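Line order of the protein sequences matches chains A and B. First residue of the first sequence? That's -16 in the working numbering, and the numbers climb one at a time after it. First residue of the second sequence? That's 2 in the working numbering, and the numbers climb one at a time after it.
The reader is advised that the hints may include incorrect statements.
Unchecked claim - Restricting the straight-line Cα-Cα distance to at most 25 Å, the calculated cross-link-like pairs of lysine-lysine (BS3-like) are:
(1) A:Lys227 - B:Lys114
(2) A:Lys191 - B:Lys120
(3) B:Lys114 - A:Lys69
(4) A:Lys252 - B:Lys120
(5) A:Lys14 - A:Lys321
(6) A:Lys252 - B:Lys114
As the list claims (entries may be wrong) - Listed next, the stretches of chain B that the computed footprint assigns to chain A, with coverage defined by at least 3 CB atoms under 8 Å from CB atoms of chain A:
(7) 3 to 17
(8) 114 to 127
(9) 228 to 237
(10) 250 to 259
(11) 262 to 270
Quick caveat, the hints were computed from the structure, so don't treat them as lab data. All figures in this text were calculated on a predicted structure; none of them were measured in a lab. C-beta atoms are modelled at their ideal positions from N, C-alpha and C, and glycine is treated no differently.
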Amino acid sequence: MRKRLISVLAILMLSFVPVSGVSAEEGVSDKEIHIGQWGPQTGPAAAWGSVARGTDAYFKMLNAQGGIHGRMLVHHMFDDAYNPAKTKAGVKELQEGTGMFAWVSGVGTSPGLAVRDYLMDRGIPWIGPSAGSLHWVSPPHKYLFAVYPLYYMEAKVLVRYAVKEMGLKKVAVAYLNDEYGKNGLRGAREALAEFGLETVVEVPVEIKDTDMKPHVMKLRKSEADMVLLWTSVGHAVRLVGTCKAMNFTPQFMSTSTCSDFPLMMHISKGLWAGTICATFGELPDSGNALLQKYKKEAYEAFAAQGERWGLFFYAGIIFAEPMVEALKRCGPDPTREKLVAELEGLRNFKGIGPHVSYKPFDPNDPMSRQGTRETFLVQCLEDGSAKKLTDWITAD
Amino acid sequence: MIDFLQMVVSGVAVGSSYALMGLAMVIIYKTSEIPNFVQGELALAAAFFAYMLMESQGLAYYLALPAAVVFALVLGCVLEFSILRRAKQPTILSMIVITIGLEMVLLGLVSWKFGADQKTLQFPISPYDSLVIGDIFIGTLEVITFGAALLLMALLFVFFRFTRTGLAMKATQQNPVSARLMGIRTHRILNLTWGMSAAVGSIAGLLIAPTIMHPFMMWDPMLKGFAAAVMGGMTSLPGAVLSAYLLGIIENLFGGYISIEFKSVVAFAIIVLVLCFKPSGLFARHYVKKV
Chain A
-16 MRKRLISVLA
-6 ILMLSFVPVS
4 GVSAEEGVSD
14 KEIHIGQWGP
24 QTGPAAAWGS
34 VARGTDAYFK
44 MLNAQGGIHG
54 RMLVHHMFDD
64 AYNPAKTKAG
74 VKELQEGTGM
84 FAWVSGVGTS
94 PGLAVRDYLM
104 DRGIPWIGPS
114 AGSLHWVSPP
124 HKYLFAVYPL
134 YYMEAKVLVR
144 YAVKEMGLKK
154 VAVAYLNDEY
164 GKNGLRGARE
174 ALAEFGLETV
184 VEVPVEIKDT
194 DMKPHVMKLR
204 KSEADMVLLW
214 TSVGHAVRLV
224 GTCKAMNFTP
234 QFMSTSTCSD
244 FPLMMHISKG
254 LWAGTICATF
264 GELPDSGNAL
274 LQKYKKEAYE
284 AFAAQGERWG
294 LFFYAGIIFA
304 EPMVEALKRC
314 GPDPTREKLV
324 AELEGLRNFK
334 GIGPHVSYKP
344 FDPNDPMSRQ
354 GTRETFLVQC
364 LEDGSAKKLT
374 DWITAD
Chain B
2 MIDFLQMVVS
12 GVAVGSSYAL
22 MGLAMVIIYK
32 TSEIPNFVQG
42 ELALAAAFFA
52 YMLMESQGLA
62 YYLALPAAVV
72 FALVLGCVLE
82 FSILRRAKQP
92 TILSMIVITI
102 GLEMVLLGLV
112 SWKFGADQKT
122 LQFPISPYDS
132 LVIGDIFIGT
142 LEVITFGAAL
152 LLMALLFVFF
162 RFTRTGLAMK
172 ATQQNPVSAR
182 LMGIRTHRIL
192 NLTWGMSAAV
202 GSIAGLLIAP
212 TIMHPFMMWD
222 PMLKGFAAAV
232 MGGMTSLPGA
242 VLSAYLLGII
252 ENLFGGYISI
262 EFKSVVAFAI
272 IVLVLCFKPS
282 GLFARHYVKK
292 V
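Taking the hints into account, I'd like the entire structure generated from these sequences.
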């Protein structure tokens, strides 16, 4: 009886003694930092699946270099098929099962919206959502740090360029009928209003639509001289192809999500040539030293066989760079609060994307959590390469 | 008026791929009374098989495309022989569930083997070339799909009406026990039906793949083909084809004149109406079974 009592007491005492090397912060141990990420590897948005694979290769590169203050980054990536229900289930499973220290990237506005409140209510940092939605920063959230330029800013920059530099004033918008598409539509409307103009037609595209003729008939009837495409990659290609089939050849412009030109040229059978897109990262063939380093040490060393070196792949690095920088600045004992403080301290941080700056949290200032307003415009050439039309532009 | 005509022509064009899938579904239903939900993935597997032959093996399209149709035929026969036939005391419900399971397995296999990136199938005609008649545009590939659907419908109609095997297939559907007693080898007939159906469906897959290929590319045509088959009465080959064209035209007119946002769902609203007011479908003869 006495022996049993002593055993119980010993177990109780041990349970209150901090175990050496185990950090109190969820998702951080002596040797590891657990980071979660979702991304569509299947389904209609699978073309953006390489974002998560890019982050994975980046983390492997960092681990090969010794990790961050000796801790390895453990990357937990899952396929949500761009289905918000799957995103929510996967995030909850990883967060409550394994315990993530923070979340990085995550493709899509709708999937992100499905888990935003879950993460914010628990004070779990989420850095660099792979979508330029206003929902991340309007209103701002203490633990959510956006890296991607806002879609509506991209749309503004494109429309201003079309009107001012190219003299195209009859602007039509074909947009995916969800938050992503509506953000682009809003930017286009605002930019046109600056010139006293309106869209000549606005054509919604549903995610399951495959026949684009009714859409193109509306675009053609409007006699638009510029069509802004704010859709998925597949829809954008079908729209351009159907326009060509119906002898309607306006200037096409599109969002950064359709700016991976080699991919777009391949699936459009060359019809993407001439399209102007906003973009947020160095061009794949750029001589930028950091980009070349990533290509050699992350992509060539750790990407799966058959993976293509393109914008979507290294976008996974762009979205994770500010988090990695802040983790380095946290020192040997990272906590979530320290991570937030270090992110807030980033000023004009430059990786391979735009300059990134945050401010101390201000619930009335979206820019306290929107890291960048920079974008630049590129035009797709016949060989699938990109011609830089502008330098980095800061949008409002 | 030009707009109206363009919408009708575009509706017929898009209806052609629904028609091919509808035909494939009707073939199996005529023999076994099973709505075959693996139909789309059989076509998907055939399209990716052709892609593999062309991209990895360097085979020319005129060899790869027929090879893919043969592959689909064999795959259909193998699935029927190795899985569906093994079902113990199958009910229609259990067979439907098996076809849904097979659909998931094939979809998973294609995703695993080829990845989810979007691709296109090499084809002698660009999916974006078009013919202009007056002010009306129609895609060249769509003309081919239209022709293929009508030709297959006519061939299948003749096959079911005038050949012994076709009649045996109809007999197997109407009364499998009597058919067996009359000397029809119903297992063999079912096997052939699955092969034929998969081959017809694969033609739809091969004509859709030159635009964009990805593992989910057959979901919409399969659902619309199924809708057309239901509208046509599930056993009528001309009914499935005509319903598919009707569906395509209504979709386009609805998108053009009423709401482009609800264009895709109008097909299913029509099915509900048809099933409410004419449950045997628009074109099928209504069979009354003696009990």
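Here's how the hints hold up against the structure:
Pair hint A:Lys227 plus B:Lys114 does not hold up; C-alpha atoms about 32 Å apart against a cutoff of 25 Å. Restraint check for A:Lys191 and B:Lys120: satisfied, since their Cα atoms lie roughly 18 Å apart, inside the 25 Å limit. For the hint pairing B:Lys114 with A:Lys69, the CA-to-CA distance comes to about 23 Å; that is within 25 Å, so the pair holds. Proximity of A:Lys252 to B:Lys120 is assessed by CA-CA distance (about 10 Å); at most 25 Å being required, the pair is judged to hold.
Pair hint A:Lys14 plus A:Lys321 holds up; C-alpha atoms about 18 Å apart against a cutoff of 25 Å. Distance hint between A:Lys252 and B:Lys114 is fulfilled; the C-alpha atoms sit about 23 Å from each other, no more than 25 Å. Closer than 8 Å: that is the beta-carbon criterion, and the segment 3 to 17 of chain B has 6 residues meeting it against chain A, so the requirement of 3 holds. Taking a C-beta to C-beta cut-off of 8 Å, the segment 114 to 127 of chain B contributes 7 residues in contact with chain A, enough for the three needed, and the coverage statement holds.
Residues of the segment 228 to 237 of chain B lying with their CB closer than 8 Å to a CB of chain A number 0, which falls below the three-residue condition for coverage. With 4 residues having a beta carbon nearer than 8 Å to a beta carbon of chain A, the segment 250 to 259 of chain B meets the requirement of three or more and the stated coverage holds. Here's how the segment 262 to 270 of chain B fares: 3 of its residues keep a CB closer than 8 Å to some CB of chain A, so the rule of at least three is met and the hint holds.
The structure shown violates the earlier hints numbered 1 and 9.
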